[in-house]
Amino acid sequence: MKQNGRIFALALWLVISVAQGQELPPGVMPMAGKPAPALQLNDFDGKPYNLADTAGHWRFVHFWASWCGPCRREMPSIQKMILLMEDSGIEFVLVNTAETEDEVFTFLGIVAPDLVPLMDSDGLVTEVWQPRGLPASFLVDPDGRIQYQALGGREWEQPAYLEFLRRLPATAASPAGSK
Amino acid sequence: MRTRIGTDLLLGWLLLLPALQAPAVNSPRPGPYYEDDRMLVLLVPRTPTQMAAFYEARGFPQSALDRIVQTCFITLHIENKSNEVLWVDLGQWRFTSNGKDIARLDEHYWQQQWNEINLRQASRSTFGWTQFPPLRDLQPDEPVGGNMVFPGSIDSVTIDAVLHTGPDRSGAEIRLGFGNVGCPKGVAAP
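Residue numbers (numbering that gives the first Met the number 0), protein chains in the order written: chain B, 0 to 178; chain A, 0 to 189.
Everything labelled a hint here was simulated from the structure, so no lab data went into it. Backbone N, C-alpha and C fix where the C-beta goes; we use that ideal spot for every residue, glycine too. One or more of the hints may lead you astray.
[What the hints assert, rightly or not] What the simulated footprint calls covered on chain B by chain A, stretch by stretch (three residues with Cβ under 8 Å from a Cβ of chain A suffice, anywhere in the stretch; the number is not a length):
{"id": "1", "stretch": "93–100"}
{"id": "2", "stretch": "122–129"}
[What the hints assert, rightly or not] Computed cross-link-like contacts, SDA-like style, restricted to lysine to any residue with a CA-CA straight-line distance of at most 25 Å:
{"id": "3", "chain 1": "B", "residue 1": "33", "chain 2": "B", "residue 2": "54"}
{"id": "4", "chain 1": "B", "residue 1": "33", "chain 2": "A", "residue 2": "184"}
{"id": "5", "chain 1": "B", "residue 1": "33", "chain 2": "A", "residue 2": "136"}
{"id": "6", "chain 1": "B", "residue 1": "33", "chain 2": "A", "residue 2": "138"}
{"id": "7", "chain 1": "B", "residue 1": "33", "chain 2": "A", "residue 2": "140"}
{"id": "8", "chain 1": "B", "residue 1": "33", "chain 2": "B", "residue 2": "44"}
{"id": "9", "chain 1": "B", "residue 1": "33", "chain 2": "A", "residue 2": "83"}
{"id": "10", "chain 1": "B", "residue 1": "79", "chain 2": "B", "residue 2": "33"}
{"id": "11", "chain 1": "A", "residue 1": "80", "chain 2": "B", "residue 2": "52"}
{"id": "12", "chain 1": "A", "residue 1": "80", "chain 2": "B", "residue 2": "162"}
{"id": "13", "chain 1": "A", "residue 1": "80", "chain 2": "B", "residue 2": "28"}
{"id": "14", "chain 1": "A", "residue 1": "80", "chain 2": "B", "residue 2": "131"}
{"id": "15", "chain 1": "B", "residue 1": "33", "chain 2": "A", "residue 2": "135"}
{"id": "16", "chain 1": "A", "residue 1": "80", "chain 2": "B", "residue 2": "46"}
{"id": "17", "chain 1": "B", "residue 1": "33", "chain 2": "A", "residue 2": "132"}
{"id": "18", "chain 1": "B", "residue 1": "79", "chain 2": "A", "residue 2": "100"}
{"id": "19", "chain 1": "B", "residue 1": "33", "chain 2": "B", "residue 2": "52"}
{"id": "20", "chain 1": "A", "residue 1": "80", "chain 2": "B", "residue 2": "76"}
{"id": "21", "chain 1": "A", "residue 1": "80", "chain 2": "B", "residue 2": "71"}
{"id": "22", "chain 1": "A", "residue 1": "80", "chain 2": "B", "residue 2": "72"}
{"id": "23", "chain 1": "A", "residue 1": "80", "chain 2": "B", "residue 2": "154"}
{"id": "24", "chain 1": "B", "residue 1": "79", "chain 2": "A", "residue 2": "184"}
{"id": "25", "chain 1": "B", "residue 1": "33", "chain 2": "A", "residue 2": "84"}
{"id": "26", "chain 1": "A", "residue 1": "80", "chain 2": "B", "residue 2": "34"}
{"id": "27", "chain 1": "A", "residue 1": "80", "chain 2": "B", "residue 2": "161"}
{"id": "28", "chain 1": "B", "residue 1": "33", "chain 2": "A", "residue 2": "36"}
{"id": "29", "chain 1": "A", "residue 1": "184", "chain 2": "A", "residue 2": "49"}
[Claimed, not checked] From the structure, some residues in chain B lie toward chain A, with a derived Cβ separation under 10 Å:
{"id": "30", "residue": "25"}
{"id": "31", "residue": "26"}
{"id": "32", "residue": "67"}
{"id": "33", "residue": "115"}
{"id": "34", "residue": "119"}
{"id": "35", "residue": "132"}
{"id": "36", "residue": "151"}
{"id": "37", "residue": "152"}
The task is simple: from the sequences and hints, build the whole structure.
Spelled out as structure tokens, the structure:
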């Protein structure tokens, strides 16, 4: 009987491990679901944005700077992902860290001209979010809690990441009235 | 606690040291490095001119550049290729030059420098993100990179690096040595 219990526990552990392994693509780390810090900035065109106003959707919040090599390599992948995920219901929020409009325009104009980032001109919002480095991506659930963090630059247009992102809206505990 | 793996690696370090002092001809890496199936550790010495040009292009004022060129920048890149947490704690690393201990110019040093010249917040933020974090629990498949800065008076630095494994640092201890990593002067790239 005791042995049966051990076998059952082992099987359960295996099932959970495999399931977790399938859920998370490389470099995506689960977070404890702590409330996302405030994110209220103007975008590159001067339009105000407040993360709190977009509750009810998953948010992909990405911090970057044009001087950062991995950010430069990752940005084309981010643009492709956004195009491929247009119908996903996920809101993509790009935050430039402590650069000027000229620096952002010079870089994005060539690499990803369709993207309009938020401008964290003094870098203070980025510091409050405490990314582990740049680039950094957070996945904020419809309730405003950080559920995942991507570590360093990722190939977001690859199937493993797209499938992972597509599963998010279905698994979210969306509040009433959301999509 | 030094584990058997750590001791083995320490012995390996002694054997590897000459090979790590400088990149080999046709080396695939731009500086001294160590690589195995668990990690990549890469060091890239920078000239003062390189660093001044980098920060000048990001709008740093001359007063900041004057301080930056008086120091020695070495870019450190570490990639965790294993399936366990790899702890990088620069506070436990030993840095020596000509046999004497030297201290990194850490975030407190730079905070003081920037306060003295009243550097704008955006530049402080950019500078901070270009520095190697003093402590990092490097997750599987996670890279981390940034600069370590030393006094410009030294010609080279010998680095005794120690890394720990496991979620609470209780796993194997890994020691790596990089001898006489140069602090290049002038304008020439290393």
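State the violated hints by number, sorted upward, taking the hints as numbered earlier in the document.
Hints 4, 8, 10, 11, 16, 18, 24, 26, 28, 33 contradicted; others consistent.
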